[in-house]
Amino acid sequence: MQTTHEDQINPSAFPPKGIWGWINHRTGIDAVLRTALYEPIPGGARFAYIFGSGLLFIFISQVITGVFLALYYVPSADHAHTTVAYITKAVTAGSFLRSLHSYGASAMVVVLLLHLSQTYIYGAYKGRRELLWFSGCVLFALILGMAFTGYLLPWDQRAYFATAVGTSAASEVPLIGDGIKRMMRGGTEMGTLTISRFFVAHVFLIPACIFSLLASHVFLFRRAGAAGPTDEDPYQPKQKMELFYPRQVLMDLSLTALLIIVLGVLSFFVPVQLGPAANPADALYIPRPEWYYLPIFQYLKYWHGPLSVVGVMVIPGILVAAIIALPFLDRSTERRPWKRPIAMTSYAFVMLTLLGLALRSQYLDKHDVGVAQQLAKQKAEEIDYTSKPFEPELSSASLAAANVQLADPQAAKGKAIFEEHSCNACHGDGGVGTAAAPRLVGESVKRSPDQLKDLFAHPTAKMTAGGMPPIDLPPDALKALIAYVESLK
Amino acid sequence: MCAWRQDSAISHVQTEADGTPIQSRRSFLGVWVGVGSALVGSLLAVPLMRFAVFPLLRRTTELKRSPLGPVDEFAHLTEPVICTIQIEQVDGWRKAISEKAVYITNDQQSHLCVLSSVCPHLGCTIPWNKERKEFVCPCHGGRYTADGTYVSGPALRGMDSLETSVEDGQLMVRFQYFRQLISDKEVVG
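Protein chains in written order, with my numbering: chain A, 10 to 498; chain B, 790 to 978.
Rather than coming from a laboratory, the hints here were simulated on the basis of the structure. One or more hints might be untrue.
Unchecked claim - Simulated DEER-style distance windows between Cβ atoms:
{"id": "1", "chain 1": "B", "residue 1": "Leu833", "chain 2": "A", "residue 2": "Lys348", "range": "42 to 48 angstroms"}
{"id": "2", "chain 1": "A", "residue 1": "Val227", "chain 2": "B", "residue 2": "Gln878", "range": "49 to 55 angstroms"}
{"id": "3", "chain 1": "A", "residue 1": "Gly27", "chain 2": "B", "residue 2": "Phe817", "range": "14 to 20 angstroms"}
{"id": "4", "chain 1": "A", "residue 1": "Thr443", "chain 2": "B", "residue 2": "Glu975", "range": "17 to 23 angstroms"}
{"id": "5", "chain 1": "B", "residue 1": "Tyr966", "chain 2": "A", "residue 2": "Asp481", "range": "28 to 34 angstroms"}
{"id": "6", "chain 1": "A", "residue 1": "Ala266", "chain 2": "B", "residue 2": "Glu975", "range": "51 to 57 angstroms"}
{"id": "7", "chain 1": "A", "residue 1": "Thr473", "chain 2": "B", "residue 2": "Val940", "range": "24 to 30 angstroms"}
{"id": "8", "chain 1": "B", "residue 1": "Phe817", "chain 2": "A", "residue 2": "Phe358", "range": "47 to 53 angstroms"}
C-beta: ideal position from N, C-alpha, C; glycine also.
Pulled out of the complex, with its shape left as it was, chain B reads as follows:
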C-alpha cells in the first residue's frame, strides 16, 4: 500500500514481548469480534425485517360492516328495498371509497336477508322490476325472484346473499364481491 515507507511496518508482527504466539491470540479475539458484530447486526436487522414484511402480515382490505338502518324498519317487507352503502378499500397508504347498492329482502323462510345487487353473470347492477315482481338484469336479461333465486338468463347461480348481523338494533352487512360466471359462490374480495 504505502509505497514510500512500507519497510518499517510489518517487521514486528510475528512476536510480542511475552512470547505468546500472537496469531492464535488474535484469531481468538477475531472470533469474538466477528460473533459480537454478527449478533449486533442481526439485532439491528429485526426492525428492518419487521418494516419490510409489514404489508404481508396485514389484511389488505379491511372487512368492515356497513349499517343499513334499524332492523325494525325492515320487519314487514312486501318487496325488496334498495339501500346504498359505502365501502372503503384500503390499498397501502391510500383508500378508495365506492358506493354499492344492496337489497334488503326476505329469504324463502321469511327471514331478513341482504342481497348484493351485482349480477352473478357479468356484474351489472340489477334493478327490481315492480311490475313483474322480479329482479331483471338490464344487461343480458337475467331474471331472479324476490329472494334472489335464479329464474332464467345467462347466469349460473342466483343472486348472492351477504353476511348480515344485528348490532344495537341496527342491521349490518358485510359487502363482498363474488366470482362471476361460475355456479358456486366464491369470494374474490
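Here chain A stands alone, though its shape is the one from the complex:
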C-alpha cells in the first residue's frame, strides 16, 4: 500500500483508531483544528482582542435569523408589510427572532466600531498588514450596506421614509448622483422595484461579498499573525507567545455570552416595533435614520447649494481615502498610542465629530416643539400598530375583492343571475376562474357583447365538452348577464 504524505510525517496516525481517527484520517480535521486553535499570540491573551470573533458570532447569528425570517417574508410592496406583521404578531417566536435580527444589526455596528478602534489604537495595521486593513475597510462598508438595505424591508412608515431620504442623499453626488439614486430605487420613485433591489442586495449580493471578504480577512490575519500589544514589534514579534486556545478562546467566548444575554434579554423584553404600512402620501411624516446613520444624516443637513460638492464629495472622499491608505501613510513601527499624537488626535477628532453630529441631531429634534410632537406621535402609532392583532391580507381571488361596487344596475342584476344559475360553481366567484372552467375576468377585452351573446347561445365543442350548457334566458336577463361578464375587469 502506498503511504500518504500525512502517514509519513505522523506514522502513529495510521492505521486510524476509532471513528474520530477514521474521520481525521480522511479529512485531516485535527490539523485544521490545531491550526485554528494554536494560533500564537505575542504577549499573551487579552480582552482587547475579543472583538473580531464577536463580530463573527453576530454575523453568523444574523445569517441564521435572516434565513428563518425569509421563511415568511415576501419582498414586494404589496405583501412585505403584511408578512412582517405576520412574523411579528402571529408566528410563534417571530417577534423575538425579528428583534434579534434587528438588534443584531445595531450590535454589529457597535462591535465593528470597537474592533476598528482597537486595531487603530493598538497600531495593529502596521507591519505588512495593508491588505488586512483594506479588507477590513471594505467589510465595514459592506456591513453598513447590510444595515441600509435591511432597514427598508419591513416597508413600514419608518423604513419607507428613512430609505426615501437615504436614497435621495445619493443624488447630491454631482453628475452621477441622480443615476445612482435611480439605480438604487429601480426608477425615479420608491416602489415595489426598490424592495426587490434592496432584498437582492441584502440577501444575495452583499452577503456573498461579506463571506468572501471575511474569508480573505481571516486568511490575511493568520498570514500576518496577531500583532500583539502596543510595545511589540509589528514585523518581528519578540514577546513570549501564548496560543489562542485556551485563554483567548475563553475570553472571546465571554463576549459571545455577553452578546447572547444582552440581545436575548432586549429582544424578549423590549421587542422591536412595527409601524403602520408605508404611506407615501403622508406629507407630515418626519423621517429619522437608525442611530448609526444619524451623524451622516446631520452632516448632510449643513451642505446645500454650490458648496455641497465640498461637503458631499470632497471631504468624505478625502476621509475615506485617508482611512484606506492608512497603512501606507503611517509607515513607522511605533505602535504606542502616546507616541502617535497625530494618529490619536485624528481618531479623537473623527469620533467626537460623529458623536457631536448625532447628539446635535437629537438635540434639535428635542427642542423643536413641532418636530418633537410629530416624532412622539409617530412612535405612539408604531406602538399602537404593533399591539393590534394581526389582520390577514385579503387575497385578490377573494369574493370581496372581486365584488367591487357594481355601478351599473344592469351588471348588478347580471351578477345575481350569474350566482343563481351556478355559473360561479365552475367559473368561480366573480368569474376568477377555477380548475373546472376558465377565467371570465377580462373577457370584455377579447369579445364584444354580441360575440358573447352568440357564444352563450351556441357554445363551442370545447365548451360543451367541459360541461358548459347553452344558456337559455329571457332577453332582459341575458342582456344583464352579458353586462355583468363585460364588467369583470
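Position chain B relative to chain A; hints supplied.
Just chain B now, kept in the frame of chain A:
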C-alpha cells in the same frame, strides 16, 4: 500559516512551568467548552424551531360558525329558505372571503336543518324549484326533496346537511365542503 515567523510559535506547546501534562488538561477544558457551546446552541435553536414549525401546529382553516338569523324566524317553514353566508379561509398571512348559499329547511323528523347548496355531483349551486317543490340542479338535472333526500340524477347521495347550533337564539352553521361523486359524505375542508 505565517511563513516568515512560524519558527518562534510552537516551541513551548508541550510543557508548562508546573509540569502538568498540558494535553490532558486542555482536552478536559475542551470538552467543557464543547458541551457548553452545544447546550447554548441548542437553547438558541428552540425559538428557531418553534418559528419554523408554527404553520404545522396551527389549523390552516379556522372553522368558524356563521350566523343565519334568529331561530324563531325559521319555526314555521313551508319550503326551504335560501340564506347567504360569508366564509373566511385563512392561508398563512392572507385570507379569502367567499359567499356560499345554504338552505334552511326541515328534515324528515321536522327538525330544523341546514343544507349545503353545493351539488354532491359536481358542485353546482342547486336552486329550489317552487313549482316542482324540489331541488333541481341546473347543470346535470339532479333532483332532491325539500329535506335534501336524493330523488334522481347522476349524484350518488342526497344533499349534504351542515352542522348547526343555536347560540343566544341565533341559528349558527358551520360551512364545510364535501367530496363530490362518492356515496359517503366526506369532509374536504
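Which numbered hints does this structure break?
none
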